[in-house]
Amino acid sequence: MPTWPIYAAGFVQVGWLFWLGTSGNLGVDPVKTLEHRYGLLALQLLVAGLAVTPLRRFVGLNLIRFRRAIGLMAFYVLIAHVLVWLVLDLQSPAAAWADIVKRPYITIGMAAFLLLVPLALTSTDGAVRRLGSAWRRLHRLVYPAVLLGGVHFAMLVKGWQIEPFVYLGLAGGLILLRAVPRTRTRPAFGR
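The sequence shown begins at 54 in the working numbering and counts up one residue at a time.
Treat each hint with caution, since some may be false.
For each label pair, taking beta carbons as the anchor points, the in silico distance ranges come out as [what the hints assert, rightly or not]:
no. : residue 1 : residue 2 : range
1   : Val84     : Asp178    : 32 to 42 Å
2   : Arg235    : Leu141    : 43 to 53 Å
3   : Met208    : Asn78     : 23 to 33 Å
4   : Gly185    : Ala148    : 38 to 48 Å
5   : Leu114    : Trp57     : 13 to 23 Å
6   : Arg109    : Gly80     : 34 to 44 Å
7   : Pro234    : Ser76     : 51 to 61 Å
8   : Tyr158    : Arg193    : 17 to 27 Å
9   : Leu73     : Pro234    : 45 to 55 Å
10  : Leu229    : Ser76     : 40 to 50 Å
11  : Asn115    : Tyr158    : 28 to 38 Å
12  : Arg109    : Gln144    : 21 to 31 Å
For lysine-lysine, the following DSS-like pairs were computed, each having C-alpha atoms within a straight-line distance of at most 27 Å [as the list claims (entries may be wrong)]:
no. : residue 1 : residue 2
13  : Lys85     : Lys211
14  : Lys211    : Lys155
15  : Lys155    : Lys85
Keep in mind the hints are simulated off the structure, nothing from the lab.
Keep in mind that this is a model prediction, so the values were computed, not measured.
Note that CB positions come from ideal geometry on N, CA and C, so glycine has one too.
Given only the sequences and the hints, what does the whole structure look like? Please build it.
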């Protein structure tokens, strides 16, 4: 099965949300709504990417061929999230820097974004070959990045809401599942 439908669905979703915002269909503050919807979509995709390996190990569902597409779409949507915040919300790099320094939830969100940059840049077959075993170590940065993204979301919402903690719990649980030792199955008839 090809991976292009994941890219197509991601690009369509980002474009559709942007169109809703420009046509006045995202409520009274379309910029904030768009910013939040992009951020949530990026977090959902990151968690989905984390689920690929546990699904293969524990359920037998092999979606490994889609993991790169899911991760790259998460990064693309995250870029859209950051651009809406920077260009449409703040409209000033100086204001963005002040927000990063002053507001801990933005500092944490930006740290998550920066951890994902080298992963996106090295998500090509050529980079995998050139980096060898270092590629796998580098791509473990996704774990703290997703956790930081969940913390960013939890700190962002007003009041106590369960949704951010569900995502944070899912991310933490999926990461912990990787620590479960692999059990070796016994070959049939003592082979």
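Verification of the supplied hints:
1. Val84 with Asp178: 32 to 42 Å: At roughly 38 Å between Cβ atoms, Asp178 and Val84 fall inside 32 to 42 Å, so the hint holds.
2. Arg235 with Leu141: 43 to 53 Å: Because 47 Å falls inside the window, the suggested range holds.
3. Met208 with Asn78: 23 to 33 Å: Since the Cβ atoms of Met208 and Asn78 sit about 28 Å apart, the hinted range of 23 to 33 Å holds.
4. Gly185 with Ala148: 38 to 48 Å: holds (42 Å)
5. Leu114 with Trp57: 13 to 23 Å: holds (20 Å)
6. Arg109 with Gly80: 34 to 44 Å: Holds, since Arg109 and Gly80 (Cβ atoms, about 40 Å apart) stay within the stated range.
7. Pro234 with Ser76: 51 to 61 Å: holds (52 Å)
8. Tyr158 with Arg193: 17 to 27 Å: holds (24 Å)
9. Leu73 with Pro234: 45 to 55 Å: holds (46 Å)
10. Leu229 with Ser76: 40 to 50 Å: holds (43 Å)
11. Asn115 with Tyr158: 28 to 38 Å: About 36 Å separates the Cβ atoms of Asn115 and Tyr158, which means 28 to 38 Å holds.
12. Arg109 with Gln144: 21 to 31 Å: Violated, since Arg109 and Gln144 (Cβ atoms, about 44 Å apart) do not stay within the stated range.
13. Lys85 with Lys211: holds (14 Å)
14. Lys211 with Lys155: Cα-Cα ~18 Å, so holds.
15. Lys155 with Lys85: holds (19 Å)
The earlier numbered hint that this structure contradicts is number 12, and it is the only one.
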